[in-house]
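Novice: Listed below are the residues making up each chain.
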Amino acid sequence: GASLHARSRNYVSESEVYKLESVPLDFGDYHPLKPITVTESKTKKMSRKGSTSSTSSSSSSSMMDPLSSVLDGTDPLSLFAAAADPVTTTSTMDSTRKKRDKDDSSAVGSDFEPWSSKRSEILARYTTTEKLSIVSGRKAATPGSAVSEKVRTRLEELDDLEEGSQKELLNLTQQDYMNRIEELNQSLKDAWSSDQKVKALKIVIQCSKLLSDTTVIQFYPSKFVLITDILDTFGKLVYERILSMCMDNRASLPDNFSPESVNDTAKETCLNWFFKIASIRELIPRLYVEAAILKCNKFLSKMGISECLPRLTSMIRGIGDPLVAVYARAYLCRVGMEVAPQLKESLNKNFFDFLLTFKQIHGDTVQNQLVAQCVEIPLYLTLYSPAIDWILQCIAYRAPEVLLTEMMERCKKLGNNALLLNSVMSAFRAEFIAARSMDFIGMIKECDESGFPKHLLFRSLGLNLALADPPENDRLQILNEAWKVITKLKNPQDYINCAEVWVEYTCRHFTKREVNTVLADVIKHMTPDRAFEDAYPQLQSIIQKVITYIHDFSLLFSVEKFLPFLDMFQKECVRVEVCKCIMEAFIKHQQESTKDPVILNALLHICKTMHDSVNALTLEDEKRMLAALINGFIKMVSFGRDFEQQLSFYVEARSMFCNLEPVLVQLIHSVNQLAMETRKVMKGNHSRKTAAFVRACVAFCFITIPSLSSIFARLNLYLHSGQVALANQCLSQADAFFKAAVSLVPEVPKMINIDGKMRPSDSFLLEFLCNFFSTLLVVPDHPEQGVLFLVRGLLNVIQDYTWEDNSDDKIRIYTNVLHLLSAMTQETYIYHVDKVDSNDTLYGGDSKFLAEINKLCETVIAQILDHLKTLGKEETLKRQSQLALYFFNTILAHGDLRNNKLNQLSVNLWNLAQKHGFADTKTMVKTLEYIKRRSKQPEMSHFTDLALRLPLQSRT
Amino acid sequence: MGTALDIKIKRANKVYHCGPIQIINSTIEMVKPGKLPSGKTEIPFEFPLHMKGNKVLYETYHGVFVNIQYTLRCDMRRSLLAKDLTKTCEFIVHSLSQKGKLMPSPVDFTITPETLQNVKERASLPKFLIRGHLSSTNCIITQPLTGELVVENAEAAVKSIELQLVRVETCGCAEGYARDATEIQNIQIADGDVCRGLPVPIYMVFPRLFTCPTLETTNFKVEFEVNIVVLLHDDHLITENFPLKLCRM
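Protein sequence lines, in the order shown, are assigned to chains L and X. Under the numbering used here, read the first sequence as residues 1 to 956, first letter to last. Under the numbering used here, read the second sequence as residues 1 to 249, first letter to last.
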């Protein structure tokens, strides 16, 4: 049979002739592999100063990719999610509100926290389990009617939605009630779109009437939210309708139009709305509905809004119930801020009017109501907060310091001012509050115990101090004073809500000692009766804050109570979440590798917790995430020159994390790296001790690899570890790895699972085998095994492997084997492993060795030719052509074509490739040109003859 | 295809004032006999309002005994086989603004159990003191009625305070005269137990359809009054009456 007759190569001179010229590279600012640095300004705005989420430039040491850090907390989805979560809301929202630019414009800026962001918080907080009722129609809603029935019938009865539809729906659950309101909202839109404007108005009146009803008072704030949504919708519909009537020549009015440019029809329609609303009998609906269309005054006169607002403000004085009144004020301020934020007088007036009626809260009418509803005063007072907070927020928006001071003084003057104090702290600039922290603490202390809950006051103060710093000299005293009160809180929920907020202040300004004290206190309060079970979000937030401020992990873990604190997270999913947070922070902030035993113990414990949470139901993504975190940790552990310690750490880690395959893979890589480190330190000359150590490393890998389930992970790691063993002169160990790899190949399935999808494995196998053969070039033969023992073994395995029926993979591999065999016949191999004698040195070009190679070549070539023959059928001719050319190229590159047999074989292959018209003419032309070019090189003159024997088939 | 007839009045609020010039005719021919093209045909028209003889052109007004209404009627006479078409449309007449300046006539009031008339058992009444004022009882019909009211003290809780606008029509005839008072609007200005000592605004817009300037003719009178009605929690009803004079300026 034919043999390859490899041409002999002089790799050194070839390299000199053919290598690419190297061009000096200018490493300027741009480099494609440089880590991407993203500068994000938006993040700053949404997050607390110095909090975790504001860091957004990616660093290469972090496992976080640049894309995810760009999105960190600022994309609309996560903002939305944050808004839905009451715990995070308070913090993120506070910060938006408190951050203010100095921008003087009459419109409300983006630094004004809009109503929309308050909604969900109120809805989540003010709920009830009591039964509610809705009255539609007039019956129960006109308690004070002074008019006889006879007279009424003559009136235009706007008050009634539809005759006969008046009914009272009783015993509604909160959800039923909310659904009912949503139905009303929908019927408003339906009525409007079907041009039933009067019906729409009636619906809105009916809705706003619900706001005069204070039964189930603890639900009132939420009811207000729901109903004012409807009013807002209505206001918008009316405004847009009138605006659309102003279309002149299909051009709509500019935003700042003047009333003169509004046509008569639009004005008349607008006026009609106002007349209709002015005739609404009841005070509360008349007020709300007119407020809802406040903006429409723009169509009628320039001064409309500025005349209307004060009138509506004083109209609220007619509302007897102080809670109903304060919410009406909040709504008016809300509409006012939206339509005419420059009219600050009315905002202030609303607040002062509220102060004037403040005494009503303790009057008989209110007290009787509370008794009847079994509502305690402290709870009742908290119902005011959203409204007062909002009014004060409107007032405080870009307000001068003097005004804020004045407001504060006014609040101080009233008895039981805790409620107001709390709103002042919620609404005013954090800097303002922080600068007066000691004053506020004094005021809080003076507050009546039985009134507004004190823990809420301390919480509000704490929120400010998390955003702005109090005077340096007061800081410790503030903490002491506050904590003195907080620690006395008996209700665990009250306590934790307050403590959570103050942890941030403590971390910001104090040392580990104070943080430890605070953590200890939290543990003390939350442990009895397993109170922590109801406080996981707050406890999580505490951990989050602590790791936001303490980036030094040896410092963090030297906080004695930190780990005991973690023990409170007994629910596994929460526990794992917390562990993940800590590990993320570690990976993000740990700059240098560490061997600090405190850190290692703690993090091993944390990683173990994460690892142990993995079970059969754990999602792949979750596993990947956990494994990535643990790997991040493993990579940061370094004992420096103490390699043995390092290895025993890896051994320990292996026993701890055996269920996460990516971690095992990482450990194998780490141990291999350790072996290579050792080699580097010894400059390739191992002492007895280091040789033994390196063998220990190799052994680690050898026994770890079989526990992996992914077959390609095993194959590649065997190869990789074999290479490392070889580099460290562990020849028999290297052999063992390679043998293991060889015997594993038959197990490679045809399809493998990649990211959840089944894919054919052939390309992976091909790639692996090529890699493997490249390594085998330098692996010296074992003295007791036969020549080319491993190559033969691998060839046998390939021969026996069940290849896909209609694939040429096996033959492609065989062709590649010819590359290997020709490289093996060279006098000096193309590459070597330092301090390892490969077969070139071992056999020194021994003729028996070369004969063995030749024999192998013959066998392989025979196989290839046999296969080419089987491809002679019609449907496989194209494959035959491609394969023939592939083989031809191999011979061209590696064969010695002065050998006649080989020369003839190549000519045959050339012809076979073209025989049936499947050859790509372009490729053939280029190949021939290459041969002609080569023929001009020294000692290549035989290529000239070859070229003459290779005809180009013209296309038919 | 049916034929429809419609009248469109130029002014959006349909309000017109009587013209200064007297003319003779109140019927005008809009088109000469002939054929209208198919589709929409718009025929502009105008005519001045005039008073017949020395009669007064009163303001549009819808009352119980008295109705003053102005309508436009358009008749379309058609050939034998087709029915004649008719369409009517109301328009509103406002009298011309009166010359001169309205003299404001403010009223202060105090309501206590003692000031009340028609009380059966004065002793059973809870104590209260309500003070207030109306900016003027001479009102411009297009301007709201304004004022202030303070509940200085009241033993019983306040349930509601309302402004009741009442129209009084008096109609003279052979047998004497008929008088009828009608509530035409009721506006609540306080709902619930209002804060003591805090002035609550009195504010009421006169309804356009049911009010007209106070009218006194030989045959009939149209007058207006406002009642301030205070309803206490034990269902005591306290009413204070103020005659108004409405005019158009």
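Derived by calculation from the structure, the hints in this document are not laboratory data. Don't take each hint at face value.
To be verified - Examples of chain X residues lying across from chain L (beta carbon under 8 Å, computed): (1) 156; (2) 158; (3) 191; (4) 193; (5) 207.
Stated by the list, open to error - Distance windows between CB atoms, simulated: (6) 38/X to 264/L: 30 to 38 Å; (7) 67/X to 252/L: 40 to 48 Å; (8) 405/L to 242/X: 44 to 52 Å; (9) 122/X to 264/L: 53 to 61 Å; (10) 371/L to 196/X: 19 to 27 Å; (11) 446/L to 116/X: 30 to 38 Å.
Remember, predicted model here, so these are calculated numbers, not experimental data. All residues carry an ideal CB built from backbone N, CA and C; glycine is no exception.
Novice: Run every hint past the structure and note whether it holds.
Specialist: Status of each hint after checking the structure:
At a threshold of 8 Å, the smallest CB-CB gap from residue 156/X to chain L is about 11 Å, leaving the interface hint violated. Interface hint status for residue 158/X: upheld, as the beta-carbon distance to the closest one in chain L is roughly 6 Å, under 8 Å. Because the beta carbon of residue 191/X sits about 4 Å from the nearest beta carbon in chain L, less than 8 Å, this interface hint is met. Residue-level restraint check for residue 193/X holds (minimum Cβ-Cβ distance to chain L is 4 Å; threshold 8 Å).
Interface hint at residue 207/X: satisfied, since its Cβ lies 6 Å from the closest Cβ of chain L, which is below the 8 Å cut-off. Checked against the given bound of 30 to 38 Å, the beta carbons of residue 38/X and residue 264/L, roughly 31 Å apart, stay inside it. Between residue 67/X and residue 252/L the beta carbon distance is about 42 Å. The supplied range of 40 to 48 Å therefore holds. For the hinted restraint 44 to 52 Å between residue 405/L and residue 242/X, the CB-CB distance of approximately 45 Å keeps it satisfied.
Between residue 122/X and residue 264/L the beta carbons are some 56 Å apart, a value that agrees with the proposed interval 53 to 61 Å. A hinted range of 19 to 27 Å holds for the C-beta pair residue 371/L and residue 196/X, which are about 21 Å apart. Remark: the range hint 30 to 38 Å for residue 446/L to residue 116/X is contradicted by a beta-carbon distance near 47 Å.
The structure fails hints 1 and 11 (numbered hints given earlier, in ascending order).
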